[in-house]
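Turn these sequences into a full structure, and let the hints steer you where they fit.
So the chains spell out like this:
6 protein chains.
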Amino acid sequence: MDFPVEEWSNRAEAVKKQFYPSTGKSRLAGNAMAELDPEFAELIQVVARGRAYADPTIDLKTRALCTVACLVGLGEQRYVENWIANSMNVGATKDEIVELMVQLFVYVGTPKAVIGFEAAKAVFTERGVQ
Amino acid sequence: MDFPVEEWSNRAEAVKKQFYPSTGKSRLAGNAMAELDPEFAELIQVVARGRAYADPTIDLKTRALCTVACLVGLGEQRYVENWIANSMNVGATKDEIVELMVQLFVYVGTPKAVIGFEAAKAVFTERGVQ
Amino acid sequence: MDFPVEEWSNRAEAVKKQFYPSTGKSRLAGNAMAELDPEFAELIQVVARGRAYADPTIDLKTRALCTVACLVGLGEQRYVENWIANSMNVGATKDEIVELMVQLFVYVGTPKAVIGFEAAKAVFTERGVQ
Amino acid sequence: MDFPVEEWSNRAEAVKKQFYPSTGKSRLAGNAMAELDPEFAELIQVVARGRAYADPTIDLKTRALCTVACLVGLGEQRYVENWIANSMNVGATKDEIVELMVQLFVYVGTPKAVIGFEAAKAVFTERGVQ
Amino acid sequence: MDFPVEEWSNRAEAVKKQFYPSTGKSRLAGNAMAELDPEFAELIQVVARGRAYADPTIDLKTRALCTVACLVGLGEQRYVENWIANSMNVGATKDEIVELMVQLFVYVGTPKAVIGFEAAKAVFTERGVQ
Amino acid sequence: MDFPVEEWSNRAEAVKKQFYPSTGKSRLAGNAMAELDPEFAELIQVVARGRAYADPTIDLKTRALCTVACLVGLGEQRYVENWIANSMNVGATKDEIVELMVQLFVYVGTPKAVIGFEAAKAVFTERGVQ
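Protein chains in written order, with the numbering used here: chain C, 111 to 240; chain R, 111 to 240; chain W, 111 to 240; chain P, 111 to 240; chain D, 111 to 240; chain S, 111 to 240.
These aren't lab readings, by the way, just hints derived from the structure by calculation.
Treat the hints with care, since some could be wrong.
[To be verified] The calculated BS3-like cross-link candidates involving lysine-lysine, where the alpha carbons are at most 30 angstroms apart (straight line), are: (1) K204/S to K171/D; (2) K171/P to K204/W; (3) K231/W to K171/P; (4) K126/C to K231/S; (5) K126/P to K171/W; (6) K127/D to K231/R; (7) K204/R to K171/C; (8) K126/D to K171/S; (9) K231/R to K135/D; (10) K171/P to K171/W.
Set out below in structure tokens:
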């Protein structure tokens with residue numbers, strides 16, 4: 111089977127510009143995976159951004175909110191923060207993020223929900239969002 | 111502090127009708143929680159549906175997809191199935207569900223992603239969705 | 111360092127009689143661990159029952175309820191069931207089990223709480239507890 | 111269905127006084143959930159304390175130890191710390207906490223058990239408990 | 111960046127033959143992911159087998175045992191079973207599998223260790239390994 | 111049943127020397143478990159090292175890599191770090207560790223894989239491994 115890797119690569123670049131309009135890169139770019147195996151880290155990004163996020167079946171803001179929700183389920187605070195920031199870069203508002211955390215509480219319980227709220231607060235503070 | 115429980119109760123009924131247009135109730139209704147502590151189970155539903163899902167800040171379809179994503183993160187197949195069905199009842203398509211699972215793979219890895227795909231397949235089969 | 115393994119062994123036998131007054135053994139006895147490495151499986155039981163459960167610092171019923179709570183946190187339905195049965199064998203009532211699940215909901219969220227309630231219902235049904 | 115929210119509210123206040131006799135509030139009070147959605151955070155506390163902890167079916171100390179056990183299962187160190195402190199405020203001793211961690215080791219394995227022991231040590235140190 | 115996808119593809123085929131000498135395919139082949147998005151499922155296999163497993167830095171048997179260990183950590187019984195079978199196809203013995211489960215007990219605790227032992231027993235039974 | 115505790119004790123000492131040739135002890139030695147219940151902490155080490163790691167059925171380097179893999183599955187960064195260091199003390203190389211993380215990505219997804227890569231980087235930096 112042949113994979114349209116070059117097309118994914120191009121689409122990934124476009125997605126990156128939408129998610130990181132000012133810095134041009136994720137706040138998690140340059141992490142240890144990128145340092146220890148740059149080719150593999152790049153592959154993950156090309157597939158994630160170029161195959162998944164760039165696909166127009168679901169709009170980018172909905173996708174970003176779903177990733178936030180998944181990461182709250184996983185309890186990964188640093189990634190939740192990253193994706194709340196990404197979702198706000200493609201149009202999500204503070205109120206939507208807070209509403210999402212309230213909804214997720216029902217499924218994940220207090221400790222993981224609070225991880226979500228704290229990640230949200232960190233991003234809001236960073237951006238001066240009241 | 112006073113909580114608008116009656117308002118939530120009414121809004122919860124409306125949400126229930128949107129999620130379960132034909133049967134009027136969740137496929138997980140009547141579970142052991144509802145049997146062993148009906149008041150508490152009802153409270154959870156009133157808060158979940160009336161306080162969270164009914165709030166117009168995020169539309170119902172986006173909310174349902176986020177719940178699917180969160181449950182894939184938790185690895186809870188039966189609940190993923192339930193919420194894929196709910197999301198399709200408020201407008202999500204087969205293609206959107208499949209796309210979502212591809213995207214979530216990146217965060218959850220193979221075993222949990224396959225739980226998501228299997229839940230999706232079960233719902234598609236049940237509904238005769240090609 | 112010297113470990114009082116023989117003492118633990120004796121105390122473990124006594125604990126076993128309290129937890130399994132009618133059958134004399136756990137419903138999970140004879141599982142694959144016991145079959146594939148009987149010595150190691152026996153060691154775990156001697157330490158668990160003889161070092162931990164037999165220690166009088168915490169009474170057996172409180173210990174059993176704590177184990178139920180821990181296993182609900184882990185989301186392990188079969189083990190939750192086993193320990194609800196054990197806790198009832200040392201004095202826990204249906205009402206206490208139901209109350210515990212309501213309390214744990216706050217920390218674990220719906221899917222794991224429902225695992226707890228379903229395990230409880232299975233044990234209540236098995237025993238004909240109304 | 112009607113929920114006795116006012117009664118829960120009153121009972122919650124009484125529970126709060128028992129858990130936090132000196133400060134009057136949880137060490138996790140004022141977290142990001144309380145800041146971003148005070149009404150929802152208050153609701154959770156009213157239900158948790160007023161519906162669950164205040165119910166006399168299980169005494170407060172046993173409940174607190176069960177919550178510690180559940181949180182060790184979840185691996186949530188900050189919450190384990192909080193609930194070890196709460197349990198000691200309603201009568202649990204250092205020896206009981208240490209015994210509980212030994213018991214839970216069997217179910218959760220080393221990394222989560224060590225989270226429990228480290229949370230315990232932090233609370234003991236804070237209180238000057240030898 | 112250019113990825114050697116064709117090389118990975120070829121190497122993946124070779125790995126597949128080593129892991130599945132008799133059937134030519136994984137017992138999990140044809141799962142819902144492969145059915146709902148065959149291209150993506152194929153990509154995962156090409157990368158997993160062709161980029162990771164085929165790389166000679168670590169031999170195939172050690173890799174397979176590490177995957178078993180990781181999956182026991184995740185608590186995914188069906189995948190543990192699959193990878194115990196794979197590891198035995200590239201040289202792992204019953205004794206090694208049992209030894210590994212004993213070792214992992216220390217980190218994962220009883221419920222997940224028993225998942226590992228039960229998966230092992232299922233594979234041993236299937237193969238008539240005494 | 112009689113357990114060869116003294117033999118395990120002696121074998122545990124030998125394993126300890128292999129894993130910690132320079133310091134003679136684990137970097138996690140003296141943690142809160144060892145402080146609050148030294149006998150129990152010692153028992154765990156005697157069983158883990160003397161019963162499991164010392165058994166020659168699987169060589170020490172393969173065992174250490176399997177423990178790393180299990181801990182990446184559990185998402186326990188501090189323990190992953192400890193066991194990457196241990197595995198390198200018994201012969202694992204930087205390349206093997208990086209390869210292992212690439213392989214595990216497939217099962218655990220991005221956040222846990224990055225925990226693994228970051229633990230690896232921390233150990234490589236500490237040792238001046240290029």
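Verification of the supplied hints:
no. : hint             : result
1   : K204/S to K171/D : holds, 19 angstroms
2   : K171/P to K204/W : holds, 19 angstroms
3   : K231/W to K171/P : holds, 25 angstroms
4   : K126/C to K231/S : holds, 26 angstroms
5   : K126/P to K171/W : holds, 26 angstroms
6   : K127/D to K231/R : holds, 29 angstroms
7   : K204/R to K171/C : holds, 19 angstroms
8   : K126/D to K171/S : holds, 26 angstroms
9   : K231/R to K135/D : holds, 21 angstroms
10  : K171/P to K171/W : holds, 13 angstroms
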